[in-house]
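Position chains A and D relative to chain R; hints supplied.
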Amino acid sequence: MDEGTTRKIMDIVVKPRDVIPEEGRTLPAAYYVDPRYFDREMDRLFGRMWVAAGRTEAVEKPGQFFLRELLGERVIITRSTGGVRAYYNVCRHRGTQLCTEASGTFPGSIQCPYHAWTYDLDGRLVGAPHMDEVPHFRKEDYPLQPVAAEVWDGHIFISLNPVPPALQTQLAGLPGKFAPWRMGDLRLGHRITYDVKANWKLIVQNYNECLHCPNVHPALNRLSHYLSGENEPLQGTYMGGRMDLRPGVDTLSMNGTCPRAFLPGLTPEDRRRVYYYAIFPNMLLSLHPDYMLVHTLWPVAPDRTINICEWHFHPEEMAREGFDPQDAVEFWDTTNRQDWHVCELSQAGISSRGYRPGPYSNREDLLYAFDRMIRNIHSGEHP
Amino acid sequence: MDEGTTRKIMDIVVKPRDVIPEEGRTLPAAYYVDPRYFDREMDRLFGRMWVAAGRTEAVEKPGQFFLRELLGERVIITRSTGGVRAYYNVCRHRGTQLCTEASGTFPGSIQCPYHAWTYDLDGRLVGAPHMDEVPHFRKEDYPLQPVAAEVWDGHIFISLNPVPPALQTQLAGLPGKFAPWRMGDLRLGHRITYDVKANWKLIVQNYNECLHCPNVHPALNRLSHYLSGENEPLQGTYMGGRMDLRPGVDTLSMNGTCPRAFLPGLTPEDRRRVYYYAIFPNMLLSLHPDYMLVHTLWPVAPDRTINICEWHFHPEEMAREGFDPQDAVEFWDTTNRQDWHVCELSQAGISSRGYRPGPYSNREDLLYAFDRMIRNIHSGEHP
Amino acid sequence: MDEGTTRKIMDIVVKPRDVIPEEGRTLPAAYYVDPRYFDREMDRLFGRMWVAAGRTEAVEKPGQFFLRELLGERVIITRSTGGVRAYYNVCRHRGTQLCTEASGTFPGSIQCPYHAWTYDLDGRLVGAPHMDEVPHFRKEDYPLQPVAAEVWDGHIFISLNPVPPALQTQLAGLPGKFAPWRMGDLRLGHRITYDVKANWKLIVQNYNECLHCPNVHPALNRLSHYLSGENEPLQGTYMGGRMDLRPGVDTLSMNGTCPRAFLPGLTPEDRRRVYYYAIFPNMLLSLHPDYMLVHTLWPVAPDRTINICEWHFHPEEMAREGFDPQDAVEFWDTTNRQDWHVCELSQAGISSRGYRPGPYSNREDLLYAFDRMIRNIHSGEHP
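Chains as they are written, first to last, in this note's numbering: chain R, 1 to 383; chain A, 1 to 383; chain D, 1 to 383.
In isolation and in its complexed conformation, chain R is listed as follows (with noise of 0.2 Å):
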């Protein structure tokens, strides 16, 4: 982006960042190759910290489930009657997989396909055949092996926390702010599975920077100039900004139009900007004017993660005859295939003898708080 072409951009306010300090570098290479910084990783932030799986809309009855890979487990996340629950996919019996469809129904219990133990939905033992026959059993000991669940708006999160914090204390002040979306409300529109063979945190940075737009997607940046918006300083446990509509854009789409009414609720200022929030570990949040926008990140490898993109629009527009989610699928499947690709160069590049961390500008201040937190989860230990 040269001089001349921000100077033409006159409509835009340009908010001037602070000045990066000189120790504003990236990362060193371990960080994003290391296999023992990616299970500390997993360890500290994936395994104990909220991680947010789904929908609440895909399990609206008791018995409907899905799974979802975390930390290599297979996690079933259902409703009981009591609210939603989420089980480690293990009889207690001799440690089969109870589960291998990756949604459905259970028929009100679930049972082990291999000796027919049978759990309620709450995870209760119910069957378990023969073993009356041994006096020392009970079947209360033998419970599923609960993984909390708790509810946001519509997200289910779920901890391999034994004993977690509650979900408002991860999520800070997110609720209160983003309560005029009704996020509870919107329903999935369309999902796509991305497989990036990238670090999980070179996708979180390059969603919280929007230096490379003018490079890497020209699209978006004709839709939203890159230098536009303003950041809210990193909190403990996410960090976001937004950014600006260009004048005659009414939302991010393929020709910039809105073909379905705004989501009722926001202020006419938030109908003019795009919200864009990651929340740690595993969540970026995009609040459009009339679309959410979720992405989740499951890291299998310190070089591949699995990025579930999913849209959700309200309901009644998409009961509405015609409704077309395609502009804004498009619009962003083609950005985030730009944005996976440079990922990718990155950490082909990062793995290379010849990277040395390299400087920050001051477009890159998230990224450089970012770090500063990972820093932290690994301090004392090096490698």
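Keep in mind that the hints were calculated from the coordinates and are not lab data.
Since this is a predicted model, take the numbers as computed values, not measurements.
Don't take each hint at face value.
[Stated by the list, open to error] Residues of chain D placed beyond 12 Å of chain R at every Cβ, according to the derived structure: (1) TYR114; (2) PRO175; (3) PRO268.
[Stated by the list, open to error] Computed cross-link-like contacts, DMTMM-like style, restricted to lysine to aspartate or glutamate with a CA-CA straight-line distance of at most 20 Å: (4) D:LYS197 / A:GLU73; (5) A:LYS139 / A:ASP122; (6) D:LYS197 / A:GLU344; (7) R:LYS139 / A:GLU73; (8) D:LYS177 / D:GLU230; (9) D:LYS61 / D:ASP120; (10) A:LYS197 / R:GLU150; (11) A:LYS197 / R:GLU69; (12) R:LYS197 / D:GLU101; (13) A:LYS139 / D:GLU23; (14) D:LYS139 / D:ASP153; (15) D:LYS61 / D:GLU22; (16) A:LYS197 / R:GLU23; (17) D:LYS139 / R:GLU23; (18) A:LYS197 / A:ASP333; (19) A:LYS197 / A:GLU22; (20) D:LYS61 / D:ASP185; (21) R:LYS139 / A:GLU23; (22) R:LYS197 / D:GLU69; (23) A:LYS139 / D:GLU69.
Glycine residues also receive a C-beta, built at the ideal position from the N, C-alpha and C atoms.
Same frame as chain R, now just chains A and D:
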């Protein structure tokens, strides 16, 4: 299997089993997933014991050979005029693998494809071009490296143990017990090789209890009731038992009828039974009234086992016009696939951090005994 | 090869070789299978020596480039007005890989696809958007990380050694010895890339003895007798020798005739010979009367080597109507595949616990010398 169904089959004599003790639980996960446990089992069981490797009919004439992969070795099994022989598949000159065909016939000698060193069928080096120019070289110093080979009633066993005990010691009472089946007379009717994504012990354990049969094998359970029969206490090197055919059932086949004559030499009692013996470490021997089923297990990783399954019949039956083994093959192929599926589910579940050793029922007595033997293999070394 | 056949070819002068000493045996298996040995060889040989990487004709004009993968690095090899240049493929900003095309032409500069940092062909950073807002930032601190590059008679060599000795030191007497072939004039006629499942040293060893030729290469042996020629004693950085064409044979081609003029500048003697030189660590240079064959080896694992084979001819011949390299290409492609097959068999056999270092014949003198050099690389570190 509910109580009602159990009561209906009054023709079955259900013997009570000893009560399993309170500490009778499945093994910790490391035994199934940790490569160090796998390596110890490969070294101490598969690397030292006699391993069932095939049948003498495959090497009936001198020079006939086949390869078997054991602990990463592609062992050559052949016959010289002196008997069955086995060798490491390695030239003594520069280490070249001598033989890559899965089976075939050597033309009287074994020649290295690289520099044409040549060995007779007893492993003696008989040709080594240009080595006569080297004064200190003596052909007799470079025979093929032998692998021990012995035969029991048509079954070839090999051992990588440089000084193995007699095969007879390992087999203990089995040759006497199974003499009436005249296994040496039987001939291969069909072979299927399965690639099972499970630890070899899960396959052995699956083989040694029928508590899963009502749930997993409804067809088998219709022919032979899962509570019928009796187990022999675990011996040092094998374990097994028998199950009874239901009235009106002649053998284990698709419809329970037997289109073949019973094996000669069987008592009327044995014509009503199927014997299931796991001969450690790798042979599962299933003797039916009219055929012999042999599984041999070839572990390749903690979570992967190659399983070769063979159906053997009496040669007089095989010579008969219209002989067709399909009723027995299809029955066991179906049953096998059901078993490998639950073994794979167990492997997946045991790998979970949600796995905890679970309680055995009285009907899983052989598994508990087997586990204690396996614990001894690893005793004093954790992990 | 029996005595009778040897006597028949009286036209061949077979020189006796020195007697190999009794300790002249192949290397222990760890040298070929243990990743620690592989890593040391990569570090000390491929990471420090000059490595043959391609030909100057591929980067004739400034901006032309190609990539070569060495030790996991995808090195950029290009040309500025100042000469051949090589760089790590890594942006100094956030470590992004700059270039993914296997070859092409830079438009005067090298631009990072992520944030558009831009370097000139001499590696200087000339563009870094928004970094001018950062007061402590200086462009001259962030040039591309260089890889050393030098040229010998058309062959480009690169070195990851930050302070490499002169290429001339490594080549020792070779530039003088092979000056008559005027290799810098020759041009690429054909290239085949092989993926060989064998340790790189097995390929070097295979290249340096023809004792296997009667058995493995009957066509080659018909054109050039396997006992002909003479070896030069191993030098510090290369080894090789020559073989003689049989009477009536003009070059190594499918039928032994030569449809091309001999290379200008060769003596009548050299027109009757083929020279085979292994220039450590990765170049196999085979000079024929009318063409040059170059193999470069790119180890990727203890048991896997990428092998790039190129046929180079005189440009006047290539310009001639009806020029067709197929007779030479097909001859060596066939011979190559025979060689890789036995190299792969050796890799498989050496991995066996049945492998023991075996005795060398007098005809394997260069291999024994090579092995001693390799032992020195690892001296004092086992494993």
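**Study point:** Non-conforming hints, listed in increasing numerical order
**Key:** 1, 6, 7, 10, 14, 15, 16, 19, 23
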